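**Student:** Model the full structure from these sequences, guided by the hints.
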Amino acid sequence: MKNVIFNLRALLMSCFLVVGLSAFAQVMVQGTVIDAANGEPIIGASILEIGTTNGTITDWDGNFELKVQSGAKLAISYMGYKTQELPAAPNMAVRLGEDSELLEEVVVVGYGVVKKGDATGSVTAIKPDEMNKGLTTTAQDMLQGKIAGVNVVAADGTPGGAGSITIRGGASLNASNNPLIVIDGLAMDENGIQGVANPLSMVNPNDIESFTVLKDASATAIYGSRASNGVILITTKKGAKGSKPKVSYAGNMSIGTLTNRMQVLTADQLRGYATALGHNEDKTNTLGTASTDWQDQIYRTTISTDHNISVMGGVKNKTVDMPYRASIGYTLQNGAIRTSQMQRVTASLNLSPSFLDNHLLFNINTKGMYIYNRYPAGVVGAALSMDPTMPVRGEAVNANGDVLAPQNVLDNWFAGYYQRLVTPSGYNDDAWPYTTNAQTTGNPAASLALTNDRAHAGSFVGNFEADYKIHGFEDLHIHANFGADYSYGKQTTIISTYSYNNHYFGWNGWSDMSKYNLQFSAYAQYGHDWEEANQHFDVMVGYENQYFYRKNQSDGSGFYQPTNNDPTLAGQPYNRYKSIYITDNALQSVYGRINWNGWDQILVTATFRADASSRFAKYNSKGENARWGLFPSLAIGWKLKETFLKDNNAVNDLKLRIGYGITGQQNLGVDYYYLPTYTTAQDHAYYPVLDGGVDNPLYAGTDANGNFVYYTSRPGVYNTDLTWEKTYTSNVGIDFAFLNNRINGNIDYYHRRTKDLLSTVNVSAGSNFKNQMLGNIGSLYNQGVEFAINAVIVDRKNFKWDFGYNVAWNQNKITKLLSDDPDYFVPTGGIGSGTGNTIQAHKVGEAAYSFLVYETKTMVDDDGVTRHYFIDRNKDGQINDNDKYIYHNPAAPVTMGLQTKFQFYGFDLGITLRANIGNYVYNDVLAGNLQWVEADKVYQNQNGGYHSVLTSAFTCYYGNNMRSDDIRTYVWNETTQAYEVGVDSKGALIKNSNWFASDFFVENASFLRIDNITLGYSFNKPKVQGRAYVTVSNPCVFSSYKGLDPEVGGGIDSNIYPRSMTTVMGISLQF
Amino acid sequence: MKYTKIFLAALLGFGMTACSLDRTPLDPNTDTKFDKDAVFAKCYATFGLTGQKGPDGSGDVDGIDEGTSSFYRMFWELNEFCTDEGWWIWNDVGLADIRTLTWSSSNDLVYGLYSRLNFDITLCNSFLDKTAEYTDAETLAQRAEVRILRAINFYYLLDMFYRVPFTLTVSPNKPKPTTRKALFTWLETECLELATDPYIIQAGQRSNKYRVDQACAWFLLMRLYLNAEVYNESSLGAKDGEGRYADAKLYAKKLMESSYQLHGYDKAAKKAVDLAAERTDDHVYFSAYQQLFMGDNDNNGAQNEAIFLIYQDAVHCWNWGGSRFLLSAVRDANYVPFGSTDTWSCFRSSPEFVFYWIDQTKASNIALNEYQMPVALGDDRAIMASKTTAGKKMSLTGSEQADFYASWSVLKFNGIYSTARTDTLKDIHGNDSIVEAPWIWASPVGEPKWPDTDIPLFRLAEAYLTYAEACLRTGEETNAIEAINCLRRRANAPEITSLDDEALLIEWAKEFYCEGRRRTDLIRFGQFAGPKSTKTWEGHKAGKDAKYNVYPIPAKDVTANENLKGINEEIGY
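Chains as they are written, first to last, in our numbering: chain A, 1 to 1071; chain B, 1072 to 1644.
A couple of the hints might just be wrong.
Said to hold, decoys possible - Using 20 angstroms as the maximum straight-line C-alpha spacing, the simulated EDC-like pairs for lysine to aspartate or glutamate come out as follows:
| hint | chain 1 | residue 1 | chain 2 | residue 2 |
| --- | --- | --- | --- | --- |
| 1 | A | Lys551 | B | Asp1098 |
| 2 | A | Lys1021 | A | Asp59 |
| 3 | A | Lys578 | B | Asp1102 |
| 4 | B | Lys1612 | A | Asp876 |
| 5 | B | Lys1603 | A | Asp756 |
| 6 | B | Lys1606 | A | Asp936 |
| 7 | B | Lys1464 | A | Asp936 |
| 8 | B | Lys1245 | A | Asp721 |
Treat the hints as calculated values from the structure; they're not laboratory data.
Since the model is a prediction, treat every value here as computed from it, not as a measurement.
**Tutor:** In structure tokens form, the structure reads like this:
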């Protein structure tokens, strides 16, 4: 990591170019800075006239020029080297020696910073790789593949879409598995709002100085309450003390193209297929003569742009020393599905003044964002099934010239778009004699054109930090942080009266959310070095409280057309939904930490945190405390290098870390769950059994339309025993660095056991107001090994080759659930086929979200036909749910990332790759399509027309003979003690209609993805430095998975928004 | 020190902003108070809704798709799918096992039904707990009604399960299982007590047609007594319980003589009322039997036959499991307009059911819609279609496959008002009438997907058939025949002159198909499961294990309640 980071530092250093105040007797100094070890020039070394802010940095050849006062002293420094102080001379040749104790870099940890070399927990800090970052619309894109054990799945191709981040496997089943995100000390609420997918979207990637990922409990326990799934700390950029204003611009333009689409039957193939099936004219006459590629109609090539300007510097005078940074950014991202778009404006301001001789430090961060999103109608599935023989717009005719949908009808009632028509039953409007056939596919081009679904959102995040070092007792300082996050988002959806889904009535509605989150924390820290004894000790104690508030509202309706036959309805709202929801919760915490560094060899960190959550009862049913959770941790680091290898020059660092700690989880998705409450009926859920209700306001009122209704009230399920879910983590790790730190890395083993899982618990019938409720039952563990290595393979004057690789193995296993019954499982993972079917299960002894399917055996029958059989695994002579078995799971046991970069003179070439091995995906798209290939079903009787089918479903059906209408059963015969083909009483073969639950559709979705390839050129002119680059993002993915994209969140592939390949051309400049 | 003090003071100021951890709900739809009348209304609402938001979004029951968690849909599916009446096409979770009698204690539909009934009972228990101290007449009357509602839910537990956990109060203590006999006795006692409760509304005197009265208690007693041989049997399928036919007759008679009446039947004159004579020129004729299942069945006269009517409404009361499901499941887009724009095409008859009406060879030649079929078969109750308006003819192969057209459609429920106009519809080419029945349905005020059709859960006609069956069992064949002929006259069907078991079982099917009671009837006639059953039908073999006469207690409740350990093993699950 060191070299990558430090060379980036070199780039960043250029930001700190400072010019001193004018003076009288000045001398021009010229010089070169080289590496004492190999004589290579050092690029970006900093030269500072001591006692002033006058300075410069070295260029690509290690040269510098600086005007200084005569007799001045210069400090020449470069990260990783020992700083030298030399008297100024007209010609200087400076040789910098490497600093063997270079791990002085500090990393941000919870409530403070720690020297990287002194970190005892599993903490990974990264700086965004400015040179090969690819297309980074949100901050999470920058983490993808960079850190072992941090698994980032971008949701799909939605502009600005939410993804998921999982650190070291999910620790929870029902509660949230998202890591806690802390931006500049402010712990964010994890809920997104309209237009803002998650809190990471709230910070412009260009403003990010560093990420710190806290992975093990010894690092995260200080965040106790919400840290079970790890913590991501984001620090934004700040200005440099006393520096001259510096303006930076970074901008790019990108072109997105879809490289991969689903193959479906073309119009000619469909017509040919209908003929081949021997369909009669009644059927084939419903085929049109057009040839439409419906995917062409919904997808497009996009052009997007991104611009960012920042100003940074530092004001310095007698009373105040205030670095500042301000930035503004604009992003326009067009989505691959037509009409979808995101526009975002971000602004940030950071001020970090210090007063009273550096005793009082303020740090003020404000970030504002405005975001606009236009969402496409859901058309991905429709484009795959829409009849390709039909035109996009206008009259459809069949081969005989019969008009299937007349032009004037389409023009008058369907905005000109082709639809399959039927006579409406229920409009009661003579002016609307036609409607869409609800059993057919809606024209996806029409859906896009006739739907206007957009969201506007604004958010503000601000915090004010104050740190005061006690005058006269400087070992003690008090730190306070007051922060707030306010967001408001509103989504407006307008659907035309000519649309497929909302024909006649249309739809006009909105929903909004406002939420805020207030946080106050304060801590006092005492630290002291006993230099003679070589002991360092510090202790910190703090208090924090947080409050979260969220309010959702929505309102919407269709409208009866003014021509409605019933004059009392004409023009009136129809099907109005109006709702409101408000909730809040609060947390109070005390925390503390003790650090001890003895003899620079032994490091001990102990933390504790106690959290109280308003989501739990003060006293549970046994009168015990359920509200407070205690989260301690202890970690020990042993600097082996300092103990045994002090004189070994080959080994630069070797440190053993051992840690243990407890973290908690209270994010259930619901508040007040321990309270008995009553829920009032809303929205079309009224029941009129009370007479004379008008006079009784208690149970009667008006609905959204102002009509009189009868309310009902339902007692809700509650659980006073609900309490913290706790995760116990052990971690053992080694940090190492060799060969002048050119190779460094770490290896970690962890074991995380979660107990009292917040789970859905079956309630004994009759004992509470629901059959299931949230409770604390069950446990699971994750264990894994992570390995990361960074190497500078070539390090010459004008050629440098860096390499970084990380790999993680994680195993997830559920060890306890509600029941001891070995067959017990919790179904999960809803799929498209049928109603209420699931394909996944949580089961003891297996990974969470494992697939639960029928074992399917392929055999060649006596008649030479290949057939598929469900196996009677439990040998009871029949095939039912009990024969399903666990077959793989969606989480990849092995994930890896690789980054490499070549720098040659001013050019750089970087590549990042990412791979998942052993992850499985249920191909719901294929399973759903399979039944449409059945002999007649490509023509649906009730629809009176054809629809298209995936060609992969054809391959399955005809190539593999995997037939949705012909899954046979292979059952155990108790008498013969052998498996045989199942037959019914009449001797007929028993078939099973649960084709979709076959293991056939669970596919290995291991993949290798090239995330980015970047070619750049950097230049460094006296007045301007900068870089121009071209990046290709997501050029290709290698996988045997048969669906569109193997990277599917949750493991069930159902028509995802496809991810584009993006070519980015960009430039960054600093003045 | 000055700065230190200022700093600490500022900190303290911020620290004061800390908010209490004892939050109370802010949501306007959430309350912490018991609202007696609103909870009373909820006890009723559990019959017609699946939760506090329509059609879904705040379900009463978890762990199953909310749309399918409806009281009516759950017991309907588990009483119909496994019988000779019909076949559900979709691959809903757990369905295949119901159709073929291979279910286990992990079946999701069984879990859904069990959870729904127990939720309803818990809700009633809670209302009764909370109102135990009330003494005002209004509350005492409400308590009596809630006890009837609770008894209805207990009745379905009794009918569909063997031994169930039993409690009459809400407490964290896990209930112990009762025996089927004990539950029978408790229900009998409860209903007898309610039938004479001084605060119960007298039979036929209710002011609100969706509430229950004394007649509902009689109705439950009648059902209990008719099935007493089954409910009190010594082992599953033995049917050796004490017969209570005299009692069944008694309560059936009470109902027949009450002010409730068969719609379209003149009891005194012993003949059907000619409803057609009452129509004006622009109205079409709907038979009295058809009117029982139409959009205005709460005020076209049919409400007088409904001893318990479940409210459904196109504006106020939406759910996926009530009449929406009854209407939409049985049709595709090419059917005579029926009062909803939504068609699921997932439930049809099985061929065996069709052959109760007409023999196999004739049946395959008929291509008629549901308004022509009753005329052709000479029975107003034969509301079936053997073709769609698009000309698709049903095959009658009943191939046990996902084929909606493998047997006739059963279309007795629709959403049309009986005041519908006789306008002619144009098709998309401007030609007359792509539909064959010439009317536009008289629209209810509301969303055209959701019907106004209420559900007659308890219908007086059942008293006639119960009376007939009880008479047949006690050797009064003439009385039995007369009771059945009342229903047949009302349906303009030819009268019968003789009656045997097989004919009576078919008569039950003809009067009550698609009303969710077939399984109970088949069991009472010994024709469902068990070594003595001889009937076969689509997906069903004769002689299935007798354990299938009841559903097992869901494994999920067995794991949650240790008192239930081994309860399914006792009956062979």
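**Student:** Output the numbers, in ascending order, of every earlier hint that fails for this structure.
**Tutor:** The structure breaks hints 5, 6; every other hint is satisfied.
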